[in-house]
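Assemble the whole structure, with the sequences as input and the hints as a guide.
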Amino acid sequence: MRKWSLRLVWRQMDVQIRIRTLNWYTLLIFILQPAIFSGVGILLSRAAGNPVPNLVYTVIGGGIMGMWSGLVFTSTFDITRDRRDGTLELIVGSPTSLGMVEAIRTFTNVVAGLFSLGAAFLVAMLVFHYSLVGIDYVGALVSLFLIMFAMWCIGVFLANFIAWSRLTGAVADLLEIPVAVLCGFMYPVSVLPGWMQAISAFIPIRWALQALDASLLGNSSPTLLLQNWTFAVLLSLLFWALSRWLEGKVHDRIRITGELNSI
Amino acid sequence: MDSFAIEVRSLNKTFTTKQGFWNRKTKTTVAVEDISFCVERGELFGLLGPNGAGKTTTVKMLSTLLLPTSGSATVLGLDVTRDTHKVRQRIGFTFGGARGLYGRLTALDNLRYFAELYGLEPSVSSRRIPELLELVGLTGRGDDRVETYSSGMQQRLHLARALLHDPELIFLDEPTVGIDPVGARELRSMVKNLVAMGKTILLTTHYMAEAEELCDRIAIIKKGRIVALDTPVALKQHISGDAVIEVQIKNESAALVLECLHALGGQVSIQVIETPPLQSISIRTAEPGVVMEKLAPFLNPQLIQGLEVRNQTLEDVYVAIIQGDKA
Amino acid sequence: MIRLLRRYLRLYVLEAWFSYRALFAWSTPFAYLATKLGFPFFTMLLFVFMGKFVGISDPLYIVIGNILLLPSLNGLSGVSMTIGNERQFGALSYLLGSPAPRGPIFLGRALFHILDGLITVMVALPVAMLFFHLDLAQANFALLFFCVLLIAFSSSGMGFILGSISLVTRDGWMITSTLAMALYILVGVNFPVDLLPGGLELLSYCLPMTRGIMAARQALAGAAWVSVAPLIYGEALVGALYTLAGYNLFLFIEKRSMALGSLDAL
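Protein chains in written order, with this note's numbering: chain B, 988 to 1250; chain V, 996 to 1322; chain A, 7 to 272.
By construction, these hints were calculated from the structure, which means they are not laboratory data. Cβ atoms here follow ideal geometry from the backbone N, Cα and C, with glycine treated the same way. There may be inaccurate statements among the hints.
[To be verified] Which residues of chain B face chain A? A partial, calculated answer using Cβ under 8 Å:
1. Gly-1026
2. Gly-1028
3. Arg-1033
4. Pro-1165
5. Met-1173
Shown next as structure tokens:
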């Protein structure tokens, strides 16, 4: 297969941003939808008698929701749209592997998701006067990087899964909210029953997010961060390895069924 | 180096689908059945057949987009299932229709994108892209969004895209479908130029005149099987007779004329089409003079409304083969 | 007159059925359940745990609200995507180029989505009984199912408005998707609407579904028809107004699309 190059990465990112991202409606997914989740969180707090919500989980958690929702949405949309537009055939038929194209697209989608997080931080700071005093900046930045890495690895795995067939595409779309539930995007994982916490232990985003939350709440310790980071990295690499394995299978499978251009 | 650009041996493709909601039934469709053919380097080879005959399936197998169920095929000496990556580097392909381009991007951006997928260096693509736009007649329209293009322009852009990496072999699947006659003529002219440049082309088409004009050899495919393969001239001679007499006659007189013609027996092959209030009788024969002699008594404007004597066209051959008159 | 009515009725029902099957047929029961129930179920779980985190120990308010939102998702998304999907599949020109009257054809498209909404709720209620110990012993089922049908009907009116927008933009379904998410805040699904800030509370009462969900909650608690009558009348009125507005907007945009040539542009 054709080796990756910075030029290929740049070109693919450029196309991806112009077709998918720089689109008023895509911004709805990245900004409005997470705002809605945060809004529900804030109003649930009020319903419970807490006029001031927990900003890390309720507001910034909404930003994480936006990153993740945006990623799943654009990844599903990319393949479906390519199928419908007939460009999937042309990409598969080129010397550049579909896996590489999907990897770069997913990376672009993850980076674009920072819109959500940035917007969430702005709202937290400007509207709710969230203070950055006492935050573990290094811990937060590393954890954020690992969240992006974890989302990228899972995103690439999902992209291959989606390309497998139209049915698996529908299933992959459904995984958006379960992952948010299990990884504690908008609440600490300790809120979940034990068996759900056990399942979430296999999702790398959960560990990176735990580290981020601890850093933002000022509760982090080196041991805690290191433990969470280690799990995040190892599990992300596992997903990445699964993606590589699935890539070859997908390539053969879609050429057997001929579903490259069927909607 | 293999002498053949394409070599297909007993290629088969079967699709299995499931239908139904509760009680799912498996349905098997044989799209291509046991086809074999070879295409010489530098040849323009045509694949003709009705809709659903298996032309596009065959092209997709050869362009590595579909895996054959059984059989083998090599393209430029490379196996299409084992050497997929190498094959893709050396072939180009287009499928008819407006799909397959990013409408929101300009033509230039689309070409740059695909150039990158084919690993072209910027120095090469920056030179090649304007050349190709000129070749396909889209100079000056490179900065327009593809969604503003007509279908003919999009098809030409597809051709430019397929030629980006200067492939040796090009698959053109119904390249003129939905294109106006002038646009189609221009496209055919481009195809001829490509052959003159030494490219090998496998073309599928519905348009007989196009196949006859362009192709060195033609394979006719019907229900997944190749039923005829030869040069256009040889194909025409293969069918009984090399002349066609078309007669439009009033319904009430048709029976009498047909009786006279049937008396000629195996010398003629007759096809009748009802076009009320007339009947169109198409007579293929190697002895047009004998047939005209039989028709002479009826050459009366009250009876015969139209008469044409012409050479047999590829369309006649195709119709005869597909309808099973002669194989 | 009778013949005309019969023709309209046939168009209304048959068109609706063919459209539903053509555009929304699921290939397997799994795909149907996953799409109809899977996504809403997990979204509801997310809100339940968010509520638990802030101290709401009894999740039933959230669970019931999310179940009652299901028919509106059918009405809203199903109807709006009907028009958008016709355009995507290239059938819209043929439909609008036919002499068939617009009323039965497009209003009829809501029919099976409304029925679908009822089925979805009937499947969701036992699930809630199993997982969340929802007690239906007191429920007024006739009133409840009527409210569900009403919610589906009134939200389909909004679906027509959004579907009309699909005639002028290829990404109308994204607007629909975002609006569907906004319902989780605006129509009393996860908390009473009186918790909303002033302007949003007013907006909530202007939307379909709000009164229907209130009435349905009371039906689950065993209320009689007479006690929820004002809510039902209000919901029916709002639904009718949205349907009328959607239908007229569709006709207006259809004419504009024909003038601009944007009908089949994707």
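Results of checking the hints against the structure:
The interface hint given for B/Gly-1026 holds, since its Cβ lies 5 Å from the closest Cβ of chain A, which is under the 8 Å cut-off. Using the Cβ-Cβ criterion of 8 Å, the hint placing B/Gly-1028 at the interface with chain A is satisfied: the shortest such distance is roughly 5 Å. With a cut of 8 Å, the hint placing B/Arg-1033 at the interface with chain A holds, because the nearest CB-to-CB distance is about 5 Å. A least Cβ separation of about 5 Å between B/Pro-1165 and chain A falls short of the 8 Å threshold, and the interface hint therefore holds.
Because the closest C-beta pair between B/Met-1173 and chain A is about 5 Å apart, less than 8 Å, the hint holds.
Figure legend: structure checked against the earlier numbered hints; every hint is met.
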